[in-house]
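S.K.: Sequence:
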Amino acid sequence: MSPWTASGPKTFVRPLGENEIFIKMVNDPYPHPDMEHWAINSTATIELGDGLPPSKFEAQLRHAWGHLRFQHPSLAARIAEDQISLVYEVPEPKDFENWISRTFIVARDAASAAEFMHTLKPSPYASLIYVPKTCEVLGHTSHWRSDGFGVFHLLNDLLNLVVKDDLTDPTSLPWGAEVVRLAPTIEDAAGLSPTATEEQSTLGKSLVQTFISTAGGIGIQYMGDASTPPGRTVSTQAVLSTKTTKDVVDACKSRGLTVTSAAHASVAAANWALAGSDRAKTHYTSTIRWSLRRFLPSQFSGPSYASAIATTGWMDKVEEGKEWSDYAEHYNALYRNSLSKEYVDAHRAYAVRLVALVKSLPPNLPIQSDVDISSMGIVEALIKRTYGSRDNSIAVTAISLGIENLSRQGSCYVWTFRDQLNLRVIYNEAYHEREKMERFIRTVKESLLGGLGVVES
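Whatever position you read off the sequence shown (first residue = 1), add 14 for the working numbering.
Bear in mind the hints are in silico, worked out from the structure with no lab data behind them.
A virtual CB, placed ideally from N, CA and C, is assigned to each residue, including glycine.
Hints may contain errors.
Claimed, not checked - Listed next, with one range per pair, are the computed distances between beta-carbon atoms:
{"no.": "1", "residue 1": "S215", "residue 2": "S403", "range": "53 to 61 Å"}
{"no.": "2", "residue 1": "S255", "residue 2": "Q313", "range": "47 to 55 Å"}
{"no.": "3", "residue 1": "D96", "residue 2": "K257", "range": "51 to 59 Å"}
{"no.": "4", "residue 1": "E72", "residue 2": "D292", "range": "26 to 34 Å"}
{"no.": "5", "residue 1": "T216", "residue 2": "S403", "range": "50 to 58 Å"}
Unchecked claim - Capping the alpha-carbon separation at 16 Å, the derived lysine to aspartate or glutamate pairs in EDC-like fashion look like this:
{"no.": "6", "residue 1": "K398", "residue 2": "D171"}
{"no.": "7", "residue 1": "K260", "residue 2": "E470"}
{"no.": "8", "residue 1": "K331", "residue 2": "D386"}
{"no.": "9", "residue 1": "K398", "residue 2": "E356"}
Assemble the whole structure, with the sequences as input and the hints as a guide.
M.R.: Now the structure itself:
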């Protein structure tokens, strides 16, 4: 394992891992002073218990954010000037106060977390925002620092801290002791050898070749041309009732499908339904996305490794013209059977080749404008519905997840929380009209219900 090393009395550094470099490189082609491509936003809507008035909740939240850094110090690690290393500095009391003042924000004037997201600018650190008007808690971080599962683990740890009766001022914590919890790279956490075997190199090469299938694929119509600058990242969402969600789950079970597989088939259908006339019959390429966390040693497979990116995936191509059930079964087979220990062992070799591929891409490639999918499953596996005791309690009434998107592509997020299936498409308003993307998410829902024979209720 390549550990963090001391470069000064209170400064620690390590090189970026291959997976982190790849994710960072996805952002690099979109330099913008006010927006960061693929930064992650995670939101929880909170209902306060009678024993936790808003003023106390705000104070507790600020303290909890400081404690969360102590638990997950990589929240305060930053990219070094060389752009290939991470730096973490153990804070003195004044430094800590500066950090928390910079990263903990109370957005008193914001109408909602969704509105405030538009004001967030790139930051070297993770941030936490509290929106009193809607009692929403918004987490914001660069994608190289964490992933969807990771940010929900972080949110869960944060809310567990908020409701503690004895939560102390975080300046009193033994700063310096936290460095043992600085997150290693996914490659080091998995114990992967720096040198790949011939079999691992072959597998890594075959996985990289799946990205060739993105060429010539389907794309939905977009506004502007290659010179059109990005606007704000926005979203539209459909939330199924508990009854309809149960019917969807039951229908999937009766067909031997996962909800993710069925949703993936429906996202593909929506892409074809909204495709430009010149691309309506071309293939659809999307990501088969996984979390590597369950393959890691126990100290890295759970919440303690939340401030690290452990996501992976490859591209999968399907041709137009088949039945919905064919696509659902195709994706089902991939999600059930395709991730293996052999894949994990080859992941460093795969990531190294991905980085090389991105570096070698020629300029002025054809614009991609498809909508991909990312499924979080049942979020209660990561975030509880309620926290605390009767006198110091909160309830989470809704959650949300998405990325900043400066490209013409979109992302459809799928999750279930409080027994309701959520379908949310993220897109950039400079390239797609709201009416069209509302039609996209409506088509996803109608395709899902129609394919499963479910009547909405």
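S.K.: State for each hint whether it applies.
M.R.: Status of the hints after comparison with the structure:
{"no.": "1", "hint": "S215 to S403: 53 to 61 Å", "verdict": "holds, 55 Å"}
{"no.": "2", "hint": "S255 to Q313: 47 to 55 Å", "verdict": "violated, 40 Å"}
{"no.": "3", "hint": "D96 to K257: 51 to 59 Å", "verdict": "holds, 55 Å"}
{"no.": "4", "hint": "E72 to D292: 26 to 34 Å", "verdict": "violated, 53 Å"}
{"no.": "5", "hint": "T216 to S403: 50 to 58 Å", "verdict": "holds, 56 Å"}
{"no.": "6", "hint": "K398 to D171", "verdict": "holds, 10 Å"}
{"no.": "7", "hint": "K260 to E470", "verdict": "holds, 11 Å"}
{"no.": "8", "hint": "K331 to D386", "verdict": "holds, 12 Å"}
{"no.": "9", "hint": "K398 to E356", "verdict": "violated, 33 Å"}
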